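2 protein chains.
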Amino acid sequence: MCQHASPPTPAAEHHCACQQQAGPHPGKRVPAAPELILPEVPFPSLRVIEALGEHGLRQLVAQHHALLRQSAIGHLFAQDAAQFAQLVERVADFVVEACGGAAQYTPAHGHTCMRTRHFPFTIDEAAREVWLTLLWQALADCAAPAAVREEYWAWMEPFSLRMINRRTTKAQPARWGYAEMAARHA
Amino acid sequence: MCQHASPPTPAAEHHCACQQQAGPHPGKRVPAAPELILPEVPFPSLRVIEALGEHGLRQLVAQHHALLRQSAIGHLFAQDAAQFAQLVERVADFVVEACGGAAQYTPAHGHTCMRTRHFPFTIDEAAREVWLTLLWQALADCAAPAAVREEYWAWMEPFSLRMINRRTTKAQPARWGYAEMAARHA
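So the protein lines, in turn, are chains A and B.
Each residue of the first sequence is one higher than the one before, counting from 1 in this note's numbering.
Each residue of the second sequence is one higher than the one before, counting from 1001 in this note's numbering.
If you're looking for bench data, these hints aren't it; they were derived computationally from the structure.
Treat the numbers as computed from the prediction; the structure is a model and nothing was measured.
All C-beta atoms, glycine included, are put in the ideal place defined by N, C-alpha and C.
Treat the hints with caution; some may be incorrect.
Claimed, not checked - Now the in silico label distances, taken between C-beta atoms and shown as ranges: (1) B:Thr1122 - A:Pro34: 29 to 39 angstroms; (2) B:Pro1031 - A:Ala183: 25 to 35 angstroms; (3) A:Ala66 - B:Pro1031: 30 to 40 angstroms.
Same shape as in the complex, but just chain A:
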């Protein structure tokens, strides 16, 4: 988006949904408010790795990232093929460990702090939407029962909120429950 101050929109076109009274008043106190609300994140149970195995999980991560690389947010990822492959392996290490598999991520890369690790990359609400849309696609392609895909989605969908570091709207980011996604993509 243009970095220069643009002429103001006419009053009739101002579509801001904020609740403030029209016009500022001396002495008014605008109440405290949370900006981005980060809901609870339920990590998956052992059922996921029991259904997919480490190999299936790594394939899921690889497939998701193959889609991401060609997507509107492909520029956020390493362009060099070897570096990209390294990234995918690191992500897979994290996912496998998170799902109760071999602890390969923490010993090699340190205590996980995904939000911090994502700060160098500008991630807004739209980027999250792309990421989730492609995750849904990758999940659909993997040979896991619906219950397992639901559990994985229930983990990643709220988890992905925590990677947003560039806000472009006052509204809370959209939420997409598994049932809603399944109905939409049926």
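Got chain A sorted already, so can you dock chain B onto it with the hints?
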């Protein structure tokens, strides 16, 4: 910052201050948390415009923006001199109206929603710090009593938090109370 995934930092160098237990565990629930906390914003009383007058307020805004234009965040503002002058006038209109002066902003530009109006410009914690540092300087240069400068600062310091739309750290942004700033700049 580099948009490409960089090699991971060795475990010993990971300085993230997050509270999570080392290593992810199946079935764990990461609790909900607010991301950026926006505290209450106290708009100024009539004392500010009584002390400075509309002219003094406009001068304060102009001086602040003259400093901003030459600062590390100068690129966020219109580069064209005429457009910049227009912006400064709009900001001054808002400040005058907010302080109880003539209602010039709302009729011309519509209901104020500062956060929304700032979304096109990438504003992180460091940008806010520059903006506030220069506001402090502009306030010091204006012929207002300390109590009035304190009131103006107490308004703008928390208000400026609401313009941050690019986060670069998990920590809440720094807060700078008037007394603390006065002591530091004494």
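**Message:** Tell me the numbers of any earlier hints that the structure contravenes, in ascending order.
**Reply:** Violated hint (a single one): 1; every other hint is consistent with the structure.
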